[in-house]
Amino acid sequence: MAEVSVRNVRLSYGKIQALKDVSLEVEEGSLFGIIGPDGAGKTSLFRIMTTLIVPDSGSAQVCGYDTVKDMMEIRRLVGYMPGHFSLYQDLTVEENLSLFASVFNTTVQENYSLVEDIYRQIEPFRKRRAGKLSGGMKQKLALCCAMIHRPRVLFLDEPTTGVDPVSRKEFWQMLSRLRAQGMTIIVSTPYMDEASLCDTVSLMKDGRFFKTDSPGAITEKFGKHLFEIKAGVSTVKALDGLAAIDGVQACYPFGDRLHIVSSSLSLAELSERAASAGYDISTLAECTPTVEDCFMDFDNNDYE
Amino acid sequence: MTLGYLIRKEFKQFFRNPFLPKLVIAFPVMIMLVIPWIVNMDIKNIRLTVVDKDGSSTSGKLIRTLGASEYFILEDVTGSYPEALRQLEKGRTDAVVEIPGYFEQDLVSEGRTQVQISLNAVNQIKGALGSNYLNAVCADFFAENFAPVSVSPVPAPRVSISVQNKFNPYMDYKNFMIPAYMVIVIILLGGFLPALNIVGEKEKGTIEQINITPVRKTSFIFAKLIPYWVMGLIVLSICMLLAWAVYGLSPHGGIWTVYLFSLLFIFALSGFGLIVSNYSDTMQQAMFVMFFFILVFMLMSGLLTPISSMPRWAQVITWLNPPRYFIEMMRGVYLQGCSLADLSHQLLALLGFDIFFGTWAVMSYRKTR
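Order-wise, the sequence lines are chains F and R. So the first sequence is residues 1 to 304, counted in this note's numbering. So the second sequence is residues 1001 to 1369, counted in this note's numbering.
Any given hint could be a false lead.
Examples of chain F residues toward chain R, derived with CB under 8 angstroms [said to hold, decoys possible]:
1) L52
2) Y80
3) S86
4) E95
None of these hints come from the bench; they were simulated from the model. Ideal placement from N, C-alpha and C gives every residue a C-beta, glycine not left out.
Kindly generate the complete structure, drawing on both the sequences and the hints.
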């Protein structure tokens, strides 16, 4: 039995359909990533799984309990870290942690071992009010508070949005350590590069999942040739020009490079055509697709 | 245990607010020390112009008597009525008293005469009271000076009405209003602060983190209510202390009656505030809704105008107004010395409101959309 399963969930806010028939299964002890741009419906899905919203139709089970009928049981078993910082800014680090421990009828001491790794990093500031912490420290505190009651499933809604790259990396290391302890973690993120750190990822857009698989399997199934080229000064112009080459399906910026997708062209053929179109092809090379490339590819084509 | 922790959290947050703790002390002090001196229904300093067509020693005496009264300021004495009316029109004076020619002569020979009074009645209260005061002063004047000499063929039977003001012997408006000011302070603090509390947690997003916990609705709501209880009682104590120290007013009917009623009243009011908070999405919305209700509460509670002079239908509506019962109790205990036994009706009414608002506040707080 899966630790979390969502079946055919639909949700709309007035006329806007936030979730259109979403289903997912999360195995116990896995790190599950929901990847999607802003407005894809990630937060709505989280709020359904954490019993904060009742879906219009469909159902969700967490730890074998129904999110509507057995709300109270689920609330004891899960930890939720909302996307925006939602701890009490006027309470100190310490006070926030013990408040959340006590509302779950436990104490900080009892589960200290679980949060120790993370809490040690913010412990020097334990007398500081939560509102006065830096972004990365706030995230760490929020994570501590979300799991101080040793939840079976941890829901993290965009935990790394607005956090600097170093803290982001640290944060993901913490998540792997937690998973190693057997906790099931569901995390959402708009950053595609974080996808490769999950066991399973679901790519989400416009209230729908269009791909659920391990990151490796997703990139393996890319099934097209992918090239990269260092963009010159006029990126926008190059984008249009390269996309117009016969046989090229898509061209999009990727960091300081451009990625070119083609199902038919080989590197040699593309080089030839690009050179004749007047582009500097000295940096053109074939590359391996990432989850982001898969996402862009799905984005350009229709969903499954 | 959870409840205790949540209550401690509310207090911590309250005392860490840079502004609210100061407000809770400053507000009752300001209302109790300043407002009773400003809001006053006693009309004083009515400006008076006298048209003296007689110019006799008696008319001069009357003018001096009027001028000496604490209610009037003698603005001008003139010989021309049109001139005095012009002053009235221009707002330089509030009342004109015309003493006719042959005033003294008529008084002495016939024992009666007429004095005409013209008043600016734009300010109705000032007009009505002004004319009453003028009548009273003139009547006193004639009684003092001419009653012994006036010889009437048939002595008219004299009826004198003596008014004795019970409970507030000097008809001091301050005494009447001070218990009401205490009620205003409690309504404003005990109503607005809870109304802004839950919606504040909604705006900051902190409510989400609490909603996901297994905290019971009842614990959450009571953790919000109890601090306002404590705060309300502190505010009430400040008010009562000031009323006693500054105005010499003490609750004749018993201090514990006041506290008991306050417990019930603050609970009902804070419960109402939390209901508004539960239904509001933003602070702004909660603020305006609360403002609307509090204004209606205050105007329909008998706080400023007596309920008995409201139309019948409005009187019926006041039965649904919790402050009405609280004000009746405050004035009863402070001015009439009512005891708990005299106020059982009000006590039951407030208890009913407590159960109603308390239940509604818990029910309307939804952890799930």
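Right, here's what the structure says about each hint:
The closest approach between the C-beta of L52 of chain F and any C-beta of chain R is roughly 6 angstroms, which is under the 8 angstroms cut-off, so the hint is satisfied. Hint status for Y80 of chain F: holds, given a least beta-carbon distance of 4 angstroms to chain R, under 8 angstroms. For S86 of chain F, the interface hint holds, the least distance from its beta-carbon to any beta-carbon of chain R being 4 angstroms, beneath 8 angstroms. About 7 angstroms separates the beta-carbon of E95 of chain F from the nearest beta-carbon of chain R, less than 8 angstroms, and the hint is met.
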